[in-house]
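*Asks:* The residues making up each chain are set out below.
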Amino acid sequence: MKPISRRTVLRGAGSVAIALPWLEAMAPRKASAALSPRRFVAMFQPMGSVFDNWRPSGTETAFQLSPILSPLEAHKKDLVVIEGLDQKGDGGGGHQIGIGGLLTGQTLNPGPFRAASGELAGWAAGPSIDQEIAKVIAGDTKFRSREFGVFVRGATNNQRMCYAAADQPLAPESSPANALKTLFGDLSSDAASLAMRAQRRTVLDAVLGQYRSLRQRLGTADGVRLDQHLSALREIEVRLNTVVTVPAICQKPTVDPGLKLTDPNVLPAVMKAQMDILIMALACDLTRVTSLQWVDSTANTRFSWLGINDGHHSLSHLPDSDPVAKDKMVRINRWFGEQFAYLIDGMKKIQEGDRTLFDNSLLFWGNGLAKGNSHSLRNAPYVLAGSAGGRVRTGRYLRYTPGIPHNNLLVSMANAMGSPITTFGKPDWCTGPLRSFA
Amino acid sequence: MKFSVVRLAAFVLLGPWACSGQIEGDPSIDGTGGTPGTGGGSGMEPDPTRPTPPPPPSECTAKPAIRPGASPMRRLTRFEYDNTVRDLLGDTSQPARLFPPDEEALGFDNNAEARTVGSLLAEYYMNAAEQLAEGSLARLRTGYPCDTASVGESACGRRFVEAFGKRAWRRPLPAAEVDAMAAVFEAGRRGGDYNTGLQLVVRVMLQAPQFLYRVELGGTPLAGTAVVQLDAWQVASRLSYLLWGTMPDAALFAAAESGGLLNKGEIATQARRMLADKNARPMMDHFHDQWLALEEVDALDKDVKRFVGYGPDIGKLMKQETMTFVNAIVSADQGGLGALLTAPYSYMNAKLATFYGVPGPTGTAFAQTSPEPARRAGLLSQGSLMSIFSLADQSSPVERGKLVRLQLLCEVLPNPPADAVIVPPVVNPNLTTRDRWAQHSANPSCAGCHRMLDPIGLGFENYDAVGRWRDTEARKTIDARGEVVGTDVAGPFNGVPELAVKLARSEQVAGCVVRQWFRFGYGRGEGTDDACTTSALEQAFRASSQSVRSLLVALTQTDAFLYRTVATGGAP
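Note that the protein sequences, when read in sequence, are chains X and U.
Residues in the first sequence are numbered from 5 upward in steps of one, following this note's numbering.
Residues in the second sequence are numbered from 31 upward in steps of one, following this note's numbering.
The shape of chain U in the complex, shown without the other chains (with noise of 0.2 Å):
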């Protein structure tokens, strides 16, 4: 067990990993507007309770070399497939739903290392083109016409591969592309008749690497380096990818199409506008279901006759409490990642508040709420992370304690030992869930790691397995004192407000939140050639009040996102 604590030991040590650095780049890029971090946020003063943040990496802060790290080919995920397909062809059956899930890799769905095509999946690309081609006829002679008396079938088909091909491959077509596909266009013809033709080149074209994945050859290479700036039609395509989760819309294509998008200023302006817009929401949501592990809350395993009332129904309410206050914080870009941690108020409906036995809006709108606010820490406080993060019958100090470590601070424990017998206590109406816990820690194989995870845990007593408030357990009035091993916040707390206000402190927080928008943003995980991006983003999420919104678009300015690593082996 020593080489496990010794080993949690380096991993805590790598945590706060934050250090400072400028957004600074090829002067030609730069542009005017580009200062990361403005979008919103009203400025802080220096909280002298904060940890103070190590210092940039020296190759950060003189003149650096661009530095995109690495730049894998990515796929697009179901959801992204689903949106893609709606906003190229009108088609809201989501058919992604029914392929093979995508790879979950370091939380995320996108990351473009872990994700593999087989045979099976390859099937569900081709049956799904099949049928959005045979769907989507209609829509596509509508959307575009052509007169085929007039223009003759042969010239319509090759100007259909043009205008839609530009859509769906989201850049014009080279005239080699566009012959292969317009003699695609023929061979549809000749076999069948000129729709047919249509759809076997709408077919082709949503099967091809084109359209499943983000290619991006060509650019501008930087001389002497084995790096590329993106062209704009590549750059629309990160935004849009980026913010919404689906392709460019006209203006993203209309601002590639007049050779813009290639100054940082720019790429700002259109990120800002884009954070705006109602699609911007999915990709909240989709960031937020996976970070917090909120997909499975309306399926959580509960003892119902322990917990009269709870049931899926309520598991969905809490989600969208959830996502209504994340939403509303990100959206108002007030108070930053502080309020999300710390926010004495959150957002229900009659019925939810009725379930969590306070008193609240009426009816089933949800709508901001403050009941007992001292009892409230914005995300730590609400029923979907506490009831996710428990047992069936019981709280789980355990697991609390690890929806700390590992989703906001980016720690890793090692695993178990092998054959460890792991069994929570069995509830017992005589004890508290912190004297059955005690024993366990107790255990000399089983304690090095879960002191980094129980004391933490034990501070979120208050809330019970389904994320309701109680004052005693075991007619015992509940102990929610708690520690927080290790870290750039160590020391004791009492009860989870306190524990915010600690955890909205700490620069391995703040860290560890930029670094989950990193990994989902770049569909990666973090390597030693970012550090100057991870550290620039860094200081422009600090510079901004820790605005997510912020954030967001500082994602948009750096290395990572404006050029790409020639690989190896690879033509430039």
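Pulled out of the complex, with its shape left as it was, chain X reads as follows (with noise of 0.2 Å):
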């Protein structure tokens, strides 16, 4: 296709005409919810719980919501809470395997990374049910998937929840402002910019010139190395050649150029960066399936701005009978229902035809243990939002009995999203998707 080097004004969802340069090229969506694409959304939040705060009360269709889930209200016809899932695990120590199963129901293989016994263990065994996902629905969209963090320092098995594969995480992007320049950086189509892609090409053309020459020469270990290198570049290639059509409702986001990535305190700020620009991302179709991280999954952040100075990881492992601690346990959660009922309002404002763009997509809030001072993964808190296009029946409380792997609900998550998959994950703990969720 032919780029389109004009420039056009269009209105936004505000109403405010927006000058937009650096379009590559426009088309307004059709009109037809079936041709619009599904998308597919996970955050992720670390610690565990409070279970008696988080379980609605009710039946399945007729519920009352938690104080953790209270900020949902306005969105409760289209939640679907799963209560007594078992998140299985081992490998690894419980921060790490929470985390690294959370979305591959997967095992942890050996590696080098401790955990805070000393003991060591490595990556996830397998894929994460997002990239599963996105081998459906990511279509010929400029990123496969994108993967955004909050405040995500280090990089070991406790920071990873998402992989393309066994042993190959997927790093989050910390940082709004480049994943601004990433995602929408390179979409104009004046001159300069034709250039600046013109040029990129070439160099990349002769940067991968280097790395398959080097490539024939190494070994086995290293060469498995360097592919992932070298994948990572034609990624960048391709994505160099693909011309974008992006949907008139697309606007490129802002981002406060005053956030200090290294500050605690903008930790929300951060958050609610990242929000808009994902929201975006998907409205705009540069990606459809994306995941949200805070943090990771033993930090010890204080939620200072709801007057908590406590680490979350200290105040989590403090005792179910200490009622300040599950207090503050219970504002931090319900802090985390807000940031998915701010994702929820924002796609609910992107309109994709008669429908929105939340109408279109499945948004799930995982968390990286079930309880925080035992480490527990058993009956683990999961919350669904949206109905992906109309393919999950919203409104729903549902209760399983202890046992049933959460494998099950990652099989009927990609399902929903039109995969046939019938297992994931270690097959030992998988026994088909979720009965009595579709």
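The reader is advised that the hints may include incorrect statements.
[To be verified] Some but not every residue of chain X turned toward chain U, in silico, with C-beta under 10 Å:
(1) A195
(2) A199
(3) R338
(4) L381
[Said to hold, decoys possible] Under 8 Å between C-beta atoms, here's a sample of chain U residues computed to sit facing chain X:
(5) L150
(6) G221
(7) L230
(8) P454
(9) V457
Everything labelled a hint here was simulated from the structure, so no lab data went into it.
Note that the coordinates shown come from a computational prediction; the quantities given were computed from them, not determined experimentally.
We treat Cβ as the ideally placed atom computed from N, Cα and C, and that holds for glycine.
Could you use the hints to bring the two separately framed chains together as a complex?
*Replies:* So, in structure tokens, the structure goes:
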């Protein structure tokens, strides 16, 4: 497709006329929901929940939300709250297993990353469900998936939730400014941008040539690592050659350039910026598969904006009998409910034909643990939102009997996104799709 | 829980894997002056209280086969990338600080086998290369002058490729590479101008594997083996990244150019020169940041109502105390590991001394001070480690036990049993830490491992959760008696100084320090083929009164440093 190089003025959602010289091509999305792609969003929080303040009350279709889920009240009819599933897991410490298995349903391979005890564990032993879903829905979008993070420091299996394959973690992007640059930075079609892309292609060709020639001379282990680097470069190459057609609703988000990523007090602002970019990346159809990772599975984040000055990890290890600690954990978890609600609100504002972006999406809110002070992964708290284009019956509170593996939920989510898989993750831990889900 | 205890016992038995051996290899490489471990240290009388080291593996005592161990291709860490572009391009913007973090494996950020590149990092490499090429153009025009009017733009471009390429890729470029990069220059020049050509060359070179990785191909194969002796350019890079965390300087390049760096003596001489240079300090800090978990010391979660006066600024000063202390001992080469663990002095400024509540230097500058020497035991009594290995509201015998077991003894403990409730006892003004933790270690499902940890950690009880000395807790006199279970220095002790003396005597601790430097220095874990390398390092460490500086020189004298193993499936 030939890029359209005209300046275009359009009206955004807020009816403010904005010039979009950076758009390469524009085509209003057809007003048919059937043509709208499905999208997937996974949101991660660490340290477990507080079960008696998390679980709703009532029946499957007539239920009341709990204190932690109360920020989602306006979206109750769009939720599926799931109780009673166990995240299986082994091969590492509780926190390592928790984040590594959440989306992979896998054990951890042997490897060199220390748990708190000093015992060693490696990366997850298989791909994560978002990548499985990407196979089905990514289409020819510019980015097969985008992983967003907030303040993700360090790079061990405690910091990685998404995997392209066994031992191939996908690092989340923690910088909103850079996320913006990568996603929206080369969409422009003015002469300078075209020249910039042509230069990048020249450079990349030469770089790829050096990698290919080195690759032939390497042994197995180095070769595998260089292959990963090569495919990362090829992804950039494909992207440079992809002509994007963005829908009219697409607006380049802005990021406060003053956000200092080293200052923990700006965490909520970074979270909001990442959510804004994530939503617009989906709305612009630059990608259809995204995840959002809050810090990591062990971080001792201080939720000072809630008036809580204890570290999240320290708090999560206080006894159940400590009412002050419990109240703080409830407030922290409710804050994540607010973030999930913000994502839903934002996605509902994006009109796609007679539906919204939200209607065409499935959102997943998962936790690195079920319960913090025991590292338990049994009876883990899961919340889904959105019907994936009418494929998920929402407005439900599902209770499962203990022992059913959360791998089954991963299968059901993939099924809702159009994937035909019948099992996912470690085979021993999966018994098929979740019954009574569809 | 029995399972875990059995496993723990196995780890403990594996722990003191110390043995002695000779650093001896191919005679052609031995050269002169290559005796390792003679860089300093005053020699030491045999210590009758020191446990006897195990004998060296028999295969290392006779003339051994050369075994370099695994030789994975290493990629620059963020630390190394920033240092390298500073030295290559004069750019001090530290672009790699924004890169996704380096994987941290076995405690260090440079483990070649754990590191992966995904599209996110590849994008950062691309963006950084573009920014660096643009930002350094003027400096490059000055640094690589060429009169395009008389020489011609194409010929100047080719000269630039050769001269800049030799520094960027850290060795001369063969003709095929010069041709490929000259073609990039021409493409840039055609699409823009001379400067565009230069910039595209820089962008390609900074994203190429020859820059981002330490590619070690070629060298001299040893007949009949899968072992290759590195060439001089590769040795120059190994030296500079090991000791300075950056590319070789002019002297190293000159030595490689003139065919030097091919015998142990010359390599040791270079290593000593480099260790005496101020460029060694960032590498030392980087090691200790990671080994002792000092990176987070200014972002600790502390109950500031309980610990009045504590704050991130104090954390920063504590880190400065530890770094000043370590570097003073290592660079003056006085006392070695023993001093690191037992020195009755430290380094403070007025603000830090006031926080600790001890008399000390006046002013903001750090100076050596020795208040209450009977309470001091080197690193182990410093506020940095005492506050890192504590909880927000109380000290932690478990965390401090782990400091000793994991970082100093290189032991590995099993994970807690699944679903075991892990809660520290609640602070109670009427109970001491020892009383409160006694209940936890009485729980049979936890006691097996915690008897390895808590009795060590309780010996630190005179130091509170922010590293200040205390004589009493809950109106009772602190009981700082402890016990080391297992290891080659098993037995009771009273207080940190006694524990420190024990640890300073331990062959297991010495072996552990050697292993930490092995992992950091070689960017990998030690494997079965490394027995003689490790043994040689331990021997060099011991022979120099456990001088860290001598150990660093010794790191440049081993099979693992001087050779590589041809990888399965790889070209020689």
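*Asks:* Does the interface hint hold: is U/G221 within less than 8 Å of chain X, judged Cβ to Cβ?
*Replies:* holds, 7 Å
*Asks:* When the nearest CB of chain U is found for X/R338, is that gap smaller than 10 Å?
*Replies:* Violated, because the Cβ-Cβ distance from X/R338 to chain U comes to roughly 21 Å (cut-off 10 Å).
*Asks:* Double-check U/L150 for me: the hint is only fine if its C-beta lies closer than 8 Å to a C-beta in chain X.
*Replies:* holds, 5 Å
*Asks:* Does the interface hint hold: is X/L381 within less than 10 Å of chain U, judged Cβ to Cβ?
*Replies:* Status holds, d = 8 Å.
*Asks:* X/A199 was flagged as interface toward chain U. Is the shortest Cβ-Cβ separation under 10 Å?
*Replies:* holds, 7 Å
*Asks:* Holds or violated: is the Cβ of U/L230 closer than 8 Å to a Cβ in chain X?
*Replies:* holds, 6 Å
*Asks:* Taking 10 Å as the limit, does the beta-carbon of X/A195 come near enough to a beta-carbon in chain U?
*Replies:* violated, 12 Å
*Asks:* Have a go at the U/P454 hint: is there a Cβ in chain X nearer than 8 Å to its own Cβ?
*Replies:* holds, 7 Å
*Asks:* At a threshold of 8 Å, is the proposed contact between U/V457 and chain X supported by beta-carbon distances?
*Replies:* Constraint on U/V457 not satisfied, violated at 11 Å.
Hint compliance for this structure: hints 1, 3 and 9 are broken, all remaining hints hold.
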